[in-house]
Structure formats: structure tokens, C-alpha cells
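Chemist: Sequence:
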Amino acid sequence: MKSSAPLILLFAASAAVAATPAFDARVAAAKAAVATRPGFIYDTAMVPAMHHALVPCVPKGTDPARGGDFVLVADVDAAGRVSNLDMRPASPLARCFAPRFGALTLRAPPLKAGQARYPIVIEMLTKP
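Heads up: the sequence shown runs through residues 17 to 144, numbered per the working numbering.
Careful: at least some of the hints might be erroneous.
Derived CB-CB ranges, DEER-like [to be verified]:
id, residue 1, residue 2, range
1, Lys76, Leu127, 12 to 22 Å
2, Gly118, Pro54, 19 to 29 Å
3, Pro64, Pro37, 13 to 23 Å
4, His68, Pro105, 37 to 47 Å
5, Asp102, His68, 16 to 26 Å
6, Pro75, Ala106, 18 to 28 Å
7, Ala95, Thr52, 20 to 30 Å
8, Lys76, Pro126, 34 to 44 Å
9, Ala45, Thr121, 29 to 39 Å
10, Lys76, Ala129, 40 to 50 Å
Hint data in this document are derived by calculation from the structure and do not stem from the laboratory.
None of the values given here were measured: they were computed from a predicted structure.
Ideal Cβ placement from N, Cα and C applies to all residues, glycine included.
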């Protein structure tokens, strides 16, 4: 069965994205978190949630590559609530995906002692 959802590639795309220093710092913090074993496991576990938020944003029969690539950063608290979402650029696909993803409750992140929120980054590159 062939999926109409675009292929999600999670790797460095920030060079192609205009961003502010604060945004860049958040991306760097999230990438540092995912570079750890617990962070990698958590990042991998988010894929179904990302897919769930993405599918409604790509209407059947449309070219998903027309939605535009984007990078999204957010924080996840101990209860799995997503907050402080920001994206660059605000492509049509990003504007659809961000509120859907932000409304989800994720599993609890691997917070360190004293850490209230866990940084995440989603780097979306679409391929038809």
C-alpha cells in the first residue's frame, strides 16, 4: 500500500532556512539533546506523532513537495505537552503541521534532574 504522505527526513536542513540567533540556539540545543542515546530513542519514538500531525496537511492527490520544507523547534514538558513552538520558514505545510503537532500529548521526554522542558527539533524535507 503506497502512502500519500511525504517521506520525512530528519537531518540538517537549517543551512537552507533563514533563522534568528535565538531560533538557531534552540535548534542547536535540540540537536545536542537528540545526539544522546536517550534523546535518539525519544526522537525516534516521536515519528508516529509527527506522521499523525502531517497526514491531514497533505490532501490526497496533491504534491507534498509543494508544501515547503521547514524546521520546527518546540519544548516538551514532563507530562508530554508541547509548547513554545516556532518554525522557519512558515511554509503552508509548516502552518498546517505546527498546530496539529502542538496539540498532541507526547510521551514523557528524558528530562535531566532540574530540567522542566525538553527541546525538540523537527527538520522536514518533503519528497514527492
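Chemist: If a hint holds in the structure, say so; if it does not, say that too.
Modeler: Do the hints match the structure? See the list:
1. Lys76 x Leu127: 12 to 22 Å: Since the Cβ atoms of lysine 76 and leucine 127 sit about 38 Å apart, the hinted range of 12 to 22 Å is violated.
2. Gly118 x Pro54: 19 to 29 Å: About 23 Å separates the Cβ atoms of glycine 118 and proline 54, which means 19 to 29 Å holds.
3. Pro64 x Pro37: 13 to 23 Å: Given a distance of about 32 Å, which is not inside 13 to 23 Å, the answer is violated.
4. His68 x Pro105: 37 to 47 Å: For histidine 68 and proline 105 the Cβ distance comes to about 23 Å; the hint is violated.
5. Asp102 x His68: 16 to 26 Å: For histidine 68 against aspartate 102, whose Cβ atoms are near 21 Å apart, the range 16 to 26 Å holds.
6. Pro75 x Ala106: 18 to 28 Å: This hint holds: roughly 19 Å between Cβ atoms.
7. Ala95 x Thr52: 20 to 30 Å: About 21 Å separates the Cβ atoms of alanine 95 and threonine 52, which means 20 to 30 Å holds.
8. Lys76 x Pro126: 34 to 44 Å: Given a distance of about 36 Å, which is inside 34 to 44 Å, the answer is holds.
9. Ala45 x Thr121: 29 to 39 Å: 22 Å, violated
10. Lys76 x Ala129: 40 to 50 Å: 46 Å, holds
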